[in-house]
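Undergrad: Okay, here's what each chain looks like letter by letter:
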Amino acid sequence: MERKRGNQTVFFNNKPKIIGHYSIVGPKEGKGNLRNYFSEIEEKDDFFGQETYEKAERVMIERALDGAIKSANAKYSDVHLFMAGDLLNQIISSSYAARSFDIPYVGVFGACSTMVESLALSACLVDGGHFDTIACATSSHFSTAERQFRFPLELGNQRPPTSQWTVTGSGADIVSIKGNGPIITCATFGKVTDYGIGDVNNMGAAMAPAAMNTLIAHFKDTNTTPKDYDLILSGDLGKLGSEILIDLMEEQGYKLGLNYKDCGQIIYKRNQNVLMGGSGCACSATVFNSIIMKKLLTGELKKVLFMATGALLSTTSSQQGDTVPGIAHAVVIEGVKK
Amino acid sequence: MQEQERNKRYNAYVEAKIAKTHAWPSLFNSFWVGGLICTFGQLCNDLILLWFPSVSTQSAWAYTLIILIFLASFLTGLGVFDKIGAFAGAGTIVPITGFSNSITSPAVEFKNEGIIFGMCAKMFIIAGPVIVSGTVASMIVGLIYLFV
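Which chain is which? The protein sequence lines are A and B, in order.
According to the numbering used here, the first sequence holds residues 1 to 338 in order.
According to the numbering used here, the second sequence holds residues 339 to 486 in order.
In short, the hints are calculated from the structure, not lab data.
The model shown is predicted, which means the values in this text are computed figures rather than measured ones.
You can take every hint at face value.
Lysine to any residue pairs mimicking SDA-like chemistry, simulated, CA-CA at most 20 Å apart: (1) A:LYS55 x A:GLU40; (2) B:LYS460 x A:PHE149; (3) A:LYS191 x B:GLN340.
In isolation and in its complexed conformation, chain A is listed as follows:
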């Protein structure tokens, strides 16, 4: 089979598999809808035993990687590359977490699309035969994201109705050519798309056009339609963003039906006061590495189109009045055939 079709989609013929996965979340996520699916829940302490939230985020990545390697029945020495990214300036959570591992490290940044970005890149490197086994991880923390992008935690302000709640957590996957697990069959890399949304509190609207572009490119390149998937999963568009995506896709002649879901809308319960839903790198990472992986492993889901979106802004760009560019990457993961 060919390795690339169209401008954006690559195919993996050597069957890179997800042989291990792990998700760790904070107290609020632990009270949400997926309580019974996460690998680990920190019930009380969102500092994870550390002095600062930034250090807490690193600990989450370390624990997620450790858990993913264990779930793959592997050792640290079996992992040949560690690929990770997060939301903080200079991706410090990932790089500082990597400091404690004796594994070559590649830092990636795709904002909240990092989980899919690193899965897609890992699959390329594994499929190409350059590495046997790659670990990929990402994280976000409500309190570190608030501090960097918004206001101090204790400030008595009201959140705008279109805003979302950053998920505290981390997810990790082990992608390997050996072993058993769901297979990554192809990946579509997205283009940076900006439809001129300037409101940093409306990420869903800023990212939805990027999601639409990637989905259309994917369906065209792979000659598929939304009906060919058991589940089309977007990362953190939230309630408003996914409604916009459905509208935009319909305009282009694609109907997203009941098989379309958004991680940001799954993770929290309605009464948890999260407005449009969850966001952050960990939103897609923890939802995928809990309920979705479980269903892929049991065979309940056979073919999943997993697409995560990211808003590629910084505090400097938004303060200088720039609009919010979005990106979306997608991978197709096929479950274990039963």
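Model the placement of chain B on the given structure of chain A, informed by the hints.
TA: Just chain B now, with coordinates in the frame of chain A:
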């Protein structure tokens, strides 16, 4: 050009899509909480004048402000004020309690970046613009007062 047209259309579509927030419930909460804070301030003021007859009216105002500033700071430190603020909105921001909270909350937040460059420097990231505009406004008023 085409892109600008597309972006304009998209922004208008998003604007229409956003469910309009109902202002009335939040206005109601703002007013009753804000009113309560002001009533409490007045109560402090009257009690000071009643219990300490030697205190002048001017000083009683100052003491009242100190009490309100202290309470807002204290509640910020306890992690309670942000919850009241999220409920009452402008009701807690407009009285001096909001100003106090806007200085205490970054101080708490950035404490772990050091006393000088963390806490002291970042204490004013929210209140700074208020202080600057207050100072500029008083300069302008002063100039008018001087010449008129």
